[in-house]
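Put together the whole structure using the sequences plus the hints.
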Amino acid sequence: MLASNLSSYMVILAVLSLFSYFTIFPPKMASRIAQIRLVSSHPQVYEPCDDSFALVDALLADRKKLLDHRPAICMEVGSGSGYVITSLALILQEMKTSYYFATDINPHAVRVTHETLEAHGVHAELLTTNIAAGLEKRLAGLVDVMVVNPPYVPTPEEEVGGDGIAAAWAGGENGRSVIDKILPIADNLLSEKGWLYMLFLAANDPLQICLQMRDKGYAAKIVVQRATEEESLHVIKFWRDSDIRMEGNEAVATAKNGSPRGWEFLLSQLSRLSFRR
Amino acid sequence: MRLLTHNMLSSNIKGVINGFPLRIEAERVVEKQVDFNPDFLKNMFSKIDWKALADASKIMGYPELPDELPDSSLLDSDEFLHKFHHALLELHLEEGALVCPETGRRFPVNKGIPNMLLHEDEV
Ligand SMILES: C[S@@+](CC[C@H](N)C(=O)[O-])C[C@H]1O[C@@H](n2cnc3c(N)ncnc32)[C@H](O)[C@@H]1O
Chain A
1 MLASNLSSYM VILAVLSLFS YFTIFPPKMA SRIAQIRLVS SHPQVYEPCD DSFALVDALL
61 ADRKKLLDHR PAICMEVGSG SGYVITSLAL ILQEMKTSYY FATDINPHAV RVTHETLEAH
121 GVHAELLTTN IAAGLEKRLA GLVDVMVVNP PYVPTPEEEV GGDGIAAAWA GGENGRSVID
181 KILPIADNLL SEKGWLYMLF LAANDPLQIC LQMRDKGYAA KIVVQRATEE ESLHVIKFWR
241 DSDIRMEGNE AVATAKNGSP RGWEFLLSQL SRLSFRR
Chain B
1 MRLLTHNMLS SNIKGVINGF PLRIEAERVV EKQVDFNPDF LKNMFSKIDW KALADASKIM
61 GYPELPDELP DSSLLDSDEF LHKFHHALLE LHLEEGALVC PETGRRFPVN KGIPNMLLHE
121 DEV
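Chains as they are written, first to last, in the UniProt record's numbering: chain A, 1 to 277; chain B, 1 to 123.
Treat the hints with caution; some may be incorrect.
In silico DSS-like links for lysine-lysine, alpha-carbon gap of 27 Å or less [stated by the list, open to error]: (1) Lys-64/A / Lys-221/A; (2) Lys-193/A / Lys-65/A; (3) Lys-83/B / Lys-64/A; (4) Lys-51/B / Lys-216/A; (5) Lys-96/A / Lys-14/B; (6) Lys-65/A / Lys-42/B; (7) Lys-42/B / Lys-221/A; (8) Lys-65/A / Lys-216/A; (9) Lys-32/B / Lys-47/B; (10) Lys-14/B / Lys-137/A; (11) Lys-47/B / Lys-193/A; (12) Lys-96/A / Lys-42/B; (13) Lys-96/A / Lys-32/B; (14) Lys-64/A / Lys-58/B; (15) Lys-83/B / Lys-96/A; (16) Lys-193/A / Lys-58/B; (17) Lys-65/A / Lys-58/B; (18) Lys-137/A / Lys-83/B; (19) Lys-83/B / Lys-65/A; (20) Lys-137/A / Lys-42/B; (21) Lys-47/B / Lys-137/A; (22) Lys-96/A / Lys-65/A; (23) Lys-137/A / Lys-51/B; (24) Lys-181/A / Lys-47/B; (25) Lys-111/B / Lys-32/B; (26) Lys-181/A / Lys-14/B.
A few chain A residues that face chain B, going by a derived Cβ cut-off under 10 Å, partial list only [unchecked claim]: (27) Ser-98; (28) Phe-101; (29) Arg-111; (30) Glu-136; (31) Asn-188.
No lab work stands behind these hints, which were simulated from the structure alone.
From the three backbone atoms N, C-alpha and C, an ideal C-beta is built for every residue, glycine too.
Spelled out as structure tokens, the structure:
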């Protein structure tokens, strides 16, 4: 009698403690990203690869910040299979307050992006265009989050562009041809509070890119860094930083926040990675 | 393509000075329901070219928007916001074309996707 009372008491206690455990530590809801089995494909379209996964991992790592950021307009340049823009739309889905644009120079890619978005029940406005051509005048200053996995592989200059699969990776000298065209366009499209997440290879000289962006008033941070067998990938986040003042032609970071994770830290991290020249 | 996108698009052919707004040739228009988001509408109101939106909306078969830029006090009216919402986000151009107002160059829209790629002699 006493024993059975005791055991039912224990059960109640266990249930109660479990209950309070979940109140204090709610089971972490897995954030949804695009599912590979639902990602559409086409022989002429870049399939999700290590670089795509690194970019989505960066967005997942920043998930909470992105939700707090409450972006109204998000945009992807070079959406390929649609894996990244679909994942971004799913990550931000609970807010129901973001609108998405995606472009690609390859018409097959834009169609595949459309199919991938549809298979996941999300929407983005799609354009077949060169980077953001057609949007640059009227969408200027309106994009709160921009994501780019550009063609970054160093190749002969002749291979850059075109409407086939080669345009997915061919980046010209140091892999910088398309990257260097995208950066000023991103600067023009980003809103005051805009964030840019962009993927680079060590061979693209991300240190030099960060310095160049700093001259335009942007702070930078490595969100994901990953070495695969073939390549060393970095996802770098850029945002306009009011602490970066322009003095003449030089950008000067005022040491207001004085954090060790500021510019010097970033630069020392990147300079170890940049081995160009 | 939503009219939000149409409102953000211009023709950027070499030599074109004012490539906005693109004239819509509508072959097939579909309506898709979108969550109502008054904050976004209020925020976008100042960024939208009103006349371009009202005209486009008419061509797409929804002549419910005022022709002239309404006073921003209308943003307090739920009825107005719902019309604005419907025109901006729920009308989709599925098939048709966008035509450059200066050169007459047609940018085709297939399966809701405008193709803005320029030919070599246009850049
Ligand atoms: C490395 S792939 C990334 C695809 C996809 N975002 C992903 O992460 O899997 C680069 C994409 O950019 C597109 N692209 C290349 N040059 C472009 C340009 N000038 N404008 C727009 N898209 C471009 C390619 O067609 C390709 O789909």
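How the hints compare with the structure:
Taking the CA atoms of Lys-64/A and Lys-221/A, the gap is near 16 Å; set against the 27 Å cutoff, the hint holds. With a CA separation close to 13 Å, the supplied pair Lys-193/A and Lys-65/A stays within the 27 Å bound. Restraint check: the Cα-Cα separation between Lys-83/B and Lys-64/A comes to about 33 Å, which exceeds 27 Å; the hinted pair is violated. Between Lys-51/B and Lys-216/A the CA atoms are separated by roughly 35 Å; this puts the pair beyond 27 Å, and the hint is violated.
Only pairs whose Cα atoms come within 27 Å are accepted, and Lys-96/A paired with Lys-14/B is rejected, the gap being roughly 38 Å. Distance restraint check for Lys-65/A and Lys-42/B: the Cα-Cα separation of roughly 24 Å lies within the 27 Å cut-off, and the hinted pair is therefore satisfied. With a CA separation close to 33 Å, the supplied pair Lys-42/B and Lys-221/A exceeds the 27 Å bound. A hinted pair counts as satisfied when its Cα atoms are at most 27 Å apart, and Lys-65/A with Lys-216/A qualifies at roughly 23 Å.
Restraint check for Lys-32/B and Lys-47/B: satisfied, since their Cα atoms lie roughly 23 Å apart, inside the 27 Å limit. Distance hint between Lys-14/B and Lys-137/A is fulfilled; the C-alpha atoms sit about 14 Å from each other, no more than 27 Å. Between Lys-47/B and Lys-193/A the CA atoms are separated by roughly 16 Å; this keeps the pair inside 27 Å, and the hint holds. Taken as a hint, the Lys-96/A and Lys-42/B pair is honoured in the structure, with Cα atoms around 16 Å apart against an allowance of 27 Å.
The straight-line distance between the Cα atoms of Lys-96/A and Lys-32/B is roughly 15 Å, inside the 27 Å bound, and the hint therefore holds. Taking the CA atoms of Lys-64/A and Lys-58/B, the gap is about 41 Å. The hint is violated against a cut of 27 Å. Restraint check for Lys-83/B and Lys-96/A: satisfied, since their Cα atoms lie roughly 19 Å apart, inside the 27 Å limit. Note on Lys-193/A and Lys-58/B: the hinted pairing is violated, with a Cα-Cα distance of about 34 Å set against a maximum of 27 Å.
Between Lys-65/A and Lys-58/B the alpha-carbon distance is near 40 Å, which puts this suggested pair outside the 27 Å criterion. Between Lys-137/A and Lys-83/B, the direct Cα distance comes to roughly 26 Å. Compliance with the 27 Å bound is thereby established for this hinted pair. Between Lys-83/B and Lys-65/A the alpha-carbon distance is near 33 Å, which puts this suggested pair outside the 27 Å criterion. For the hint linking Lys-137/A to Lys-42/B, the alpha-carbon distance of about 21 Å falls within 27 Å, and the restraint holds.
Restraint check for Lys-47/B and Lys-137/A: the C-alpha separation of about 12 Å stays at or below 27 Å, so the hint holds. For the suggested pair Lys-96/A and Lys-65/A, the alpha carbons sit about 16 Å apart, so the restraint of at most 27 Å is met. Our distance criterion of 27 Å between C-alpha atoms is met by Lys-137/A and Lys-51/B, whose separation comes to about 17 Å. The hinted pair formed by Lys-181/A and Lys-47/B meets the criterion: a straight-line CA distance of about 26 Å does not exceed 27 Å.
Annotation: proposed proximity of Lys-111/B to Lys-32/B holds, straight-line Cα distance about 14 Å (limit 27 Å). Using a Cα cut-off of 27 Å, the hinted pair Lys-181/A and Lys-14/B holds, with the two alpha carbons roughly 18 Å apart. Hint status for Ser-98/A: holds, given a least beta-carbon distance of 9 Å to chain B, under 10 Å. Interface hint status for Phe-101/A: upheld, as the beta-carbon distance to the closest one in chain B is roughly 7 Å, under 10 Å.
Given the 10 Å rule on beta carbons, the hint for Arg-111/A holds: about 7 Å separates it from the nearest Cβ of chain B. Interface restraint check: Glu-136/A against chain B, minimum CB-CB distance 7 Å, threshold 10 Å, status holds. The closest approach between the C-beta of Asn-188/A and any C-beta of chain B is roughly 13 Å, which is over the 10 Å cut-off, so the hint fails.
When the structure is compared with the earlier hints, violations turn up for hints 3, 4, 5, 7, 14, 16, 17, 19, 31 and for no others.
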